[in-house]
Amino acid sequence: MRPAIQVSGLSKSYGDTVAVNGVSFEVSDGEIFGLIGPNGAGKTTTMECIEGMRRPDKGTISVLGLDPFRNVYELQERIGVQLQQAQLQKRIKVWEAVDLWASLYRKKAVGERLLEQLGLSEKRNTWFMNLSGGQKQRLFIALALINDPELVFLDELTTGLDPQARHTIWDLVRGIRERGKTVFLTTHLMEEAERLCDRVAILEHGRIIDIGSPESLVKRHCPERTVVLVTTDATAAERFRTIVCVDTITCLDTEITLRGHGDDFVTEVIQCLSESGIRVTDFRTILPNLEDVFLKLTGRSIRD
Amino acid sequence: MMLRGLWKLTWIETKIFLREPLGALGTIAIPVLVFLLLGRMVGHAPPSANPASSSFLAVGLPVMAAVLIAVGSVLSLVAIISIYREGGILKRLRATPLRPYTILAAQVIVKLLLSAATLLLMVLAGKRYYPVDIHVSLVGFTIGLLISIWSISSLGFLIASLVPTARFAQPIGSLIMYPMMSLSGLFFPVAALPPALQAVSRVLPLTYMVSLLEGIWKGDPWWTHGSDIAVLVAIFAVCTAISTKVFRWE
Ligand SMILES: Nc1ncnc2c1ncn2[C@@H]1O[C@H](COP(=O)(O)OP(=O)(O)OP(=O)(O)O)[C@@H](O)[C@H]1O
Ligand SMILES: [Mg+2]
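In order, the protein sequences belong to chains A and B. First residue of the first sequence: 1, per the working numbering; consecutive thereafter. First residue of the second sequence: 1, per the working numbering; consecutive thereafter.
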């Protein structure tokens, strides 16, 4: 099947700042694709080039078979867009915004239903300026879905949302995929990327470092496993040293932290415990997640 | 299809504008009140005793009021465009199938509608309280005003393109528009200005607007002001051409 988005060799600079530097990737039809990366990595710029809102300096982009810059109006009919930073007119009412947006597209979803799904029905007569941050964000998501788009762009979709709203929106996004549509999103929440995205691209300094499913990225970059257990058995540490896939052992009082690698690591630790008859009062495994991969690949210091 | 969007956007923008605390008051009520007050003050002098004041009453005041309406709406246009740009509203609207010119045209149409409404109120109020005998073509005068506003709106877009932040848009706009008004022949005839200022006056859009409106108010036939209209159209063409090059959406 033709991919929903094809990007190859995309570059974009603002004056001396190179925002995107030779990025290539594909987003298949019907998947949720996430772009993650530190602040200023070029996520928004990449997204806006694909949406046809910015002209790339170099590279080719094809979205739903269209050239986003040349066929921008045709494309905009078929996509939904939520921008990272946007406002509406201060005194526009919620229903007026939905009504206006609905009138701009040939195909339309039911606005009232979207408002209901996003918990905005009660606010339909409220001015935009009087909505809370999260309510504004939800309104923008409603506007992005108003034309029942084939492809939705969500730039930091859950920034500023409370946990309830976040879960609602995650469900909504999964619902979009279930109806065969494609979602392209950026996020700073690794939990969100992990739960939502079929595939993730990690962007840094305008370049893609790696692409893959969250699980495969974790496997590739953070194969280490950790077990933390609490025991008063003084011989425990000695026994653990005999396990092959244990790399380091740290003892802190009665708490022992074992770091190792391999799929069998946890099993072997448990086996060792039962064979040696070591009594433990606590046992925890810590598995690396996307956040660990992210920090490992993009470093721990803050970017400008 | 896009016309429908234009109409919707214009309607919503009109409502939004009237919801602003100073929206209706500033653009509609104040010009009307100023007009009435000035009209009363000047109108109390017996016309025969003071021909200057009666001519001011007959021609100067209505034209001045119309120019004030025009300048006010263009300044408000400048402010709205820069606020919308700074807030990312223009960008959000542009990420829809709306054509860029539709987004901007809606703002101009709102200004035209409100200006026409203001003029209408002014005439209605003036008729009752203030004895100018109006045998002028009001329709013609309104059309003249709307053509003028349409033309100088393009200058407004140019100002909005060149001023970087919303905070300075209105002050800088006023700095450009009000001095222009004083050289436009509104307060003193262009012929009475020193030659250097006359030359300046000849390149100012407002000069042609004043000439057009004064002429129509006095009952001149349209064709005698063809050159004024031509200049206003030319100004529109030039400013729009430059604006399309320098206009920034974000
Ligand atoms: N309009 C602009 N003009 C000049 N520079 C810009 C502009 N937009 C972005 N940049 C620069 O381009 C780089 C990439 O910005 P971009 O907004 O794409 O990053 P991002 O990954 O979306 O960051 P964030 O996570 O903070 O949203 C940054 O260094 C930024 O300063
Ligand atoms: Mg961003």
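In case anyone wonders, no lab produced these hints; they're calculated from the structure. Just to be clear, a hint being listed does not mean it is correct.
So these bits of chain B aren't anywhere near chain A, every CB distance computed over 12 Å [to be verified]:
{"hint": "1", "residue": "Leu-18"}
{"hint": "2", "residue": "Leu-90"}
{"hint": "3", "residue": "Leu-162"}
In silico contact screen, one side only, chain A against chain B (beta carbon under 8 Å); selected entries [as the list claims (entries may be wrong)]:
{"hint": "4", "residue": "Phe-69"}
{"hint": "5", "residue": "Asn-71"}
{"hint": "6", "residue": "Tyr-73"}
{"hint": "7", "residue": "Gln-76"}
{"hint": "8", "residue": "Glu-77"}
{"hint": "9", "residue": "Leu-83"}
{"hint": "10", "residue": "Glu-96"}
{"hint": "11", "residue": "Leu-100"}
{"hint": "12", "residue": "Arg-199"}
Glycine is no exception: its CB is placed at the ideal position from the N, C-alpha and C atoms.
Item to check | Hints that the structure is at odds with (numbers, increasing) | outcome: 1, 2, 4, 5 and 12
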